[in-house]
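There are 2 protein chains.
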Amino acid sequence: MSEKNLQVLLRRRPVGEPVADDFEIVETAVPSPGPGEVLVRARFLSLDPYMRGRMSDAKSYSKPVELGAVMEGMTVGEVVASNHPDFKAGDTVMGGYGWQRFCAVEAARLRKVDPAEAPLSANLGVLGMPGLTAWYGLEEIGEPKAGETVVISAASGAVGQVAGQIAKARGARVIGIAGGAAKCAFVKDELGFDACLDHRGDLDAQLDAACPEGIDVYWENVGGHVQEAVFPRFRDFGRMVMCGMIAQYNQAPGADAKGAPAGPNLGPVVRKRLRIQGFIVSDKGWQLYPQFRAEVLGLMKSKKLVWKEDVVQGLPNAPEAFIGLLKGKNFGKLVIAID
Amino acid sequence: MSEKNLQVLLRRRPVGEPVADDFEIVETAVPSPGPGEVLVRARFLSLDPYMRGRMSDAKSYSKPVELGAVMEGMTVGEVVASNHPDFKAGDTVMGGYGWQRFCAVEAARLRKVDPAEAPLSANLGVLGMPGLTAWYGLEEIGEPKAGETVVISAASGAVGQVAGQIAKARGARVIGIAGGAAKCAFVKDELGFDACLDHRGDLDAQLDAACPEGIDVYWENVGGHVQEAVFPRFRDFGRMVMCGMIAQYNQAPGADAKGAPAGPNLGPVVRKRLRIQGFIVSDKGWQLYPQFRAEVLGLMKSKKLVWKEDVVQGLPNAPEAFIGLLKGKNFGKLVIAID
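Chains as they are written, first to last, in full-length UniProt numbering: chain G, 1 to 339; chain P, 1 to 339.
If you're looking for bench data, these hints aren't it; they were derived computationally from the structure.
Built from N, CA and C at the ideal position, the CB exists for glycine as well.
A few of these clues could be false.
[To be verified] These stretches of chain P come out as covered by chain G in the derived footprint (C-beta under 8 Å, 3 or more residues):
no.: 1; region: 190-203
no.: 2; region: 264-273
no.: 3; region: 276-284
Hey, can you work out the whole structure from these sequences and the hints?
Written out as structure tokens, the structure reads:
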């Protein structure tokens, strides 16, 4: 094969915001699939906030990427060659093959997808890990009921847009929070949220107006001043779905170390019987993938769920796009078109 | 009837720590039971931290006691006269009749208890609201499993002593936290906890030694510096049972108002998939009272559950005893022997 592999490696661990020099882009030989392995050519790479955690060697739920190793990430692409009977050349597959063009992986790490059901890149967003995260967090923790008020932070992002539309489909009143007028207009007008608040403005006043009766479910993607404004507004039996706190991912030292920014006083958790619960979709979420995919495909077909992608062309642009993601520069689910 | 009723009224709303003058003790006529009502003579009154909330008119899960009204509280006593077929003079009953000697109440608000099963006052503690609180919070939120490490704050208190012993009976390793050597010795030696730490000492160092692998379940009764020391030590999938935060009950303004003391940064809730959940036993707990009573009576009979009461003689001493309760001066479940 005359083609080359292209890979993005972790060159060093960032302190604070990652910079371009923390990554290294290399050309290598295309790997040969071993026994039982499948060679995949990735077409799209998903960039997601959790990757900042993998760049750090602070204790976390998952091992860090080693220095000099390929950055972790979900991709979608096609089988080039297969040493496993379940896959054949031309199959469309998704899985975690990293920031690279070619990857030889065990068959068990692949999931076949039907390319006729949705555009290829959708398998990384609305039908991929972010979509599954949204669906699973609502199933397990948020449990939005008809008539309840649900607030979604980072509402135009990969997880937020799906979470809000699913909550809406279940009959809740859904209020988004996003940064800037363009994102807010998109969330309200395109995604169909009941309102979208700009966290760069006076969030307290906007929440007063949008949620006069308080909040039943809050989907936490960001932390920081957004969490501070939302937390006192929970109604009795409110649920706080702890999906992420991107506002502090670039902070050093680790946000739960001594000297971390303070959080809310937990007195209201007793008084209002709140439930604050964190989850990581990889724990149990993928076991429910078929159920999730069926529900979300149904919503997509009936036009109750639309989605927006921010597609950046070319794997070499992934580091810059990722750095921007942590600053909220993307607009919609960020994916890299590899070639 | 020549006897008089004796009542403790709320005279004014305390600011910060309650003082004796916030209460008023009055002698009144013994009430006559109306149609369907039962006249009860209370023998013991339960004093509990939640009553501080009832003295305040800040928004809460329950209405405040009105100024000039009898303080709310659970009592156990006997039926003196009954206008309801389910009750007759001499029956032993428990229910919420307030800080007073006599009360005429609707039959629906009474629960008959068997005086042969346990000493009368136990129906206010280990077999009453505090015991039910402990059992219910573990059933619904804590869910301690064999081999897990459970930490109980206010471990010698009414709820803490029962929670710890139930967790122990379910096979967990149970570490108490209490104030002072006498309470700690009691928790370890009498209640049979695996260890008890003194929060007046260096709690971080004691927790390092007692919970080297971290904490699976934390029963929160106190807040403040105890919460601060425990929170960073949760293991993955830890549960924080939010029962109370007595350390801030006397604070003004309300602890969830602006300017309240800060709480923990919630970053680890995502990373460790923690669940922080509050509950109020009166929401649903009493529906499970028969199941709770059967389990706890069983533990008591097999000597797997012992309990300690702090009995103060005379209803007129209730205000002072309650003020002391908020400062941790009681040792065991605080009850008032009415006469």
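Apply the coverage criterion to the region 276-284 of chain P and chain G: a residue qualifies when its Cβ sits closer than 8 Å to a Cβ of the chain, and three qualifying residues are needed. holds (count 6)
Please count how many residues of the region 190-203 of chain P have a CB within 8 Å of a CB from chain G and say whether that reaches 3. violated (count 0)
Please count how many residues of the region 264-273 of chain P have a CB within 8 Å of a CB from chain G and say whether that reaches 3. holds (count 10)
Figure legend: structure checked against the earlier numbered hints; the only hint not met is number 1.
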